[in-house]
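Letter by letter, the chains look like this.
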Amino acid sequence: MVKDKYILTGQNVSIGYKKGKSSKKIGASLTFKLQKEKLTCLLGPNGVGKSTFIKTIMGQLPSLEGSINFGHLPVQEIDAKLLAKKISVVLTDRISPGNLSVAQLVSLGRTPFTNWIGKLTLEDKEIVNEAMKATKTYYLKDQLVSELSDGQLQKVMIARALAQDGDLIILDEPTAHLDLVNRYEIMHLLREVTQNKHKSILVITHDLDIAIETADELWIMQCGDPLLCGTPEDLILSGKINKLLPSEELSFDSNTGKIRPKSFPLPPSIKGPQPITQWLNLALQKNSISLSEETSIHVTEAPLTFEISRPNFVFKAQSVQEVLQFLQKNN
Amino acid sequence: MIIGVVLLLVFFLVNISIGSVYIPIPQLIHGLLGADLDKASWETILFLYRIPKAITAVLVGISLSVSGLQMQTFFRNPLAGPYVLGISSGAGLGVAIMIMGGSALGITFSSSSNYMTWGIWGIIISGSLGAILVLLLMSLTAWKIKDSMTLLIIGLMFGSASGAVVSVLSYFGNAEDLKLFTIWSMGSLGGISGTQLEILSIICFIGIIPVIALLKSYNAMLMGERYATSMGVNIKSLRWAMILSTGLLAGSATAFCGPIAFIGIAVPHLARMIFRTGDHRILFPASALIGSCFLLISDAISQIPGSAETLPINVITSLFGAPLVIWLILKRNLSSEF
Numbered sequence: 001m002v003k004d005k006y007i008l009t010g011q012n013v014s015i016g017y018k019k020g021k022s023s024k025k026i027g028a029s030l031t032f033k034l035q036k037e038k039l040t041c042l043l044g045p046n047g048v049g050k051s052t053f054i055k056t057i058m059g060q061l062p063s064l065e066g067s068i069n070f071g072h073l074p075v076q077e078i079d080a081k082l083l084a085k086k087i088s089v090v091l092t093d094r095i096s097p098g099n100l101s102v103a104q105l106v107s108l109g110r111t112p113f114t115n116w117i118g119k120l121t122l123e124d125k126e127i128v129n130e131a132m133k134a135t136k137t138y139y140l141k142d143q144l145v146s147e148l149s150d151g152q153l154q155k156v157m158i159a160r161a162l163a164q165d166g167d168l169i170i171l172d173e174p175t176a177h178l179d180l181v182n183r184y185e186i187m188h189l190l191r192e193v194t195q196n197k198h199k200s201i202l203v204i205t206h207d208l209d210i211a212i213e214t215a216d217e218l219w220i221m222q223c224g225d226p227l228l229c230g231t232p233e234d235l236i237l238s239g240k241i242n243k244l245l246p247s248e249e250l251s252f253d254s255n256t257g258k259i260r261p262k263s264f265p266l267p268p269s270i271k272g273p274q275p276i277t278q279w280l281n282l283a284l285q286k287n288s289i290s291l292s293e294e295t296s297i298h299v300t301e302a303p304l305t306f307e308i309s310r311p312n313f314v315f316k317a318q319s320v321q322e323v324l325q326f327l328q329k330n331n
Numbered sequence: 001m002i003i004g005v006v007l008l009l010v011f012f013l014v015n016i017s018i019g020s021v022y023i024p025i026p027q028l029i030h031g032l033l034g035a036d037l038d039k040a041s042w043e044t045i046l047f048l049y050r051i052p053k054a055i056t057a058v059l060v061g062i063s064l065s066v067s068g069l070q071m072q073t074f075f076r077n078p079l080a081g082p083y084v085l086g087i088s089s090g091a092g093l094g095v096a097i098m099i100m101g102g103s104a105l106g107i108t109f110s111s112s113s114n115y116m117t118w119g120i121w122g123i124i125i126s127g128s129l130g131a132i133l134v135l136l137l138m139s140l141t142a143w144k145i146k147d148s149m150t151l152l153i154i155g156l157m158f159g160s161a162s163g164a165v166v167s168v169l170s171y172f173g174n175a176e177d178l179k180l181f182t183i184w185s186m187g188s189l190g191g192i193s194g195t196q197l198e199i200l201s202i203i204c205f206i207g208i209i210p211v212i213a214l215l216k217s218y219n220a221m222l223m224g225e226r227y228a229t230s231m232g233v234n235i236k237s238l239r240w241a242m243i244l245s246t247g248l249l250a251g252s253a254t255a256f257c258g259p260i261a262f263i264g265i266a267v268p269h270l271a272r273m274i275f276r277t278g279d280h281r282i283l284f285p286a287s288a289l290i291g292s293c294f295l296l297i298s299d300a301i302s303q304i305p306g307s308a309e310t311l312p313i314n315v316i317t318s319l320f321g322a323p324l325v326i327w328l329i330l331k332r333n334l335s336s337e338f
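Protein sequence lines, in the order shown, are assigned to chains H and C. What the first sequence shows, in the numbering used here, is residues 1 to 331, in sequence order. What the second sequence shows, in the numbering used here, is residues 1 to 338, in sequence order.
Keep in mind the hints are simulated off the structure, nothing from the lab. Just to be clear, a hint being listed does not mean it is correct.
To be verified - In silico DSS-like pairs for lysine-lysine, Cα to Cα no more than 27 Å straight-line:
no., chain 1, residue 1, chain 2, residue 2
1, C, K146, H, K24
2, H, K133, C, K216
3, H, K329, H, K271
4, C, K39, H, K55
5, C, K236, H, K25
6, H, K38, H, K136
7, H, K286, H, K316
Computed from a predicted model, the values in this text were never measured in an experiment.
Excised from the complex, chain H in its bound form (with noise of 0.2 Å):
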């Protein structure tokens, strides 16, 4: 029974577009278990094929080779009608549903479920609700989808991809083109979800803070490389969390957890409490400003100082600014 951990496997996939004879692969090699009610992130450069992927997982594209299971079936053999019950997804794309209320729109989740015309009944009405509570959106049910700010519209698809009531619900960026707070509060709702709703979730993400933050697992897609898979905090602490960052001038700051500039020392000649003398450093670093042998910079607290001195002088500055002024002129 420990299949039933996963609810989507794949082995030694790979994925890319067929056109005619010729194909083009853009990922291979991918091998993963995702695991079930657990909130699961993918993480990778642009363009590294992260939409195929999704797009291969939802079985609307055929994987090259390898075949990607949802339980214990290849996606490709299952029927998309049934296929819309288990999976439900939140796109990229923009959408135009013009008159359509907040309600109306989470109710079209249910479209795999309804009779021919439509109707819901009783029990989808039911879920409809549920599924708005659980987003925190039900305060909207009556409100025009054209009348929301980007961030209510993001909680609705949401909603709307929890009333279809698959098991997985796969989401392509969720949190792009909103501001911090929303996108904290979607991924903490996402996290949710996966708890309270017993869903599985995969999300598409370039905010590499949050999803460490918040996810219970990480994907990580780089070219030709195969998927790296983990936890979080296990990827930080064995250093496989820099496959994300190619670049030599990138590095991940195990203790904060952000992604840092990598040669960062604090010169010697800067001398004062550490808050103070890092951002500084950051200042001079970003001007490229060196300072040169015989200069020292000395920072004193309340009231905030910053003392240059040099053989023949001491200049005191009261602000970055002023210190960045005086070395640009002086140095």
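With chain H's structure known, arrange chain C on it following the hints.
Here is chain C on its own, set in the frame of chain H:
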């Protein structure tokens, strides 16, 4: 919706009462219930001319507006109408070849004796052949092409190409033929009766079946193709159904009555604005109702009450319809309603 049905009946009665000879509405109701009318000539006018014409107006109104609704939703484009797939241009080409190409071969179609022999049937048959030809071409294209936007553009190109051939024919055609074709292209609801009306009703009925069966899919299409697919809608079969349905509806309406402008694009928008919904289970009957009402009123106006003259139906639909829609758009935000 009930108000709509009542209005439709009222407009139907008004429509058949108005014309060069005015028949009072109470008399009409008597007549329709089987009683004898005050004047025997009224009976002839009513049953041989006015009622078939009003029924034609209702059928064509339904056909065009329902085709327009399908196109706009399927292509997610507010400018789509029943003519975008080039089907009615095909019908126009058929009629043009029949009228003007015939004279090139020595058959003067416009001469009265030939018109009597060929009559309206010739126009209907040639129009249908043209529409069917374009429909087949479009189906072939749809079979090859997966992208809906490409389909839309190819449809427009078919339309342009047929238009060009029609222009060539018009350029070389003689004056009488040209006038006959021009009058056809202005649209006319009259002159259809008996067997023709039966055929039109049957085609209209067949064309509407796939729409009713796919109302749910059209609702899902509001979210775009990819979402609809993810909800289990089979886009391929929906596309086929859409091409066949609009081909039958718009093709037959055009072949029988000429290219009637405006209804197909504007009526679905009117339905959205009046009923304030995107739900096709409401929009479909609403469009059908509004389309028929609109054409009945337009036809009534075209009789120019009190005069014996009749204006072409296209003049009325566009002349009165366009300002109405502009006014509605200015009053309400069309783009947020679509």
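Now for the hints, and whether the structure bears them out:
The hinted pair formed by K146 of chain C and K24 of chain H meets the criterion: a straight-line CA distance of about 18 Å does not exceed 27 Å. A hinted pair counts as satisfied when its Cα atoms are at most 27 Å apart, and K133 of chain H with K216 of chain C qualifies at roughly 25 Å. For the given pair, K329 of chain H sits about 22 Å from K271 of chain H by alpha-carbon distance, which is consistent with the 27 Å threshold. Simply put, K39 of chain C and K55 of chain H have alpha-carbon atoms about 71 Å apart, too far for the 27 Å limit, and the pair is violated.
Restraint check: the Cα-Cα separation between K236 of chain C and K25 of chain H comes to about 25 Å, which is no more than 27 Å; the hinted pair holds. With a C-alpha separation of about 20 Å, the suggested pairing of K38 of chain H with K136 of chain H holds against the 27 Å cut-off. The suggested pairing of K286 of chain H with K316 of chain H holds, with an alpha-carbon distance near 21 Å, which does not exceed 27 Å.
Violation of the numbered hints given earlier is confined to hint 4; every other hint is satisfied by the structure.
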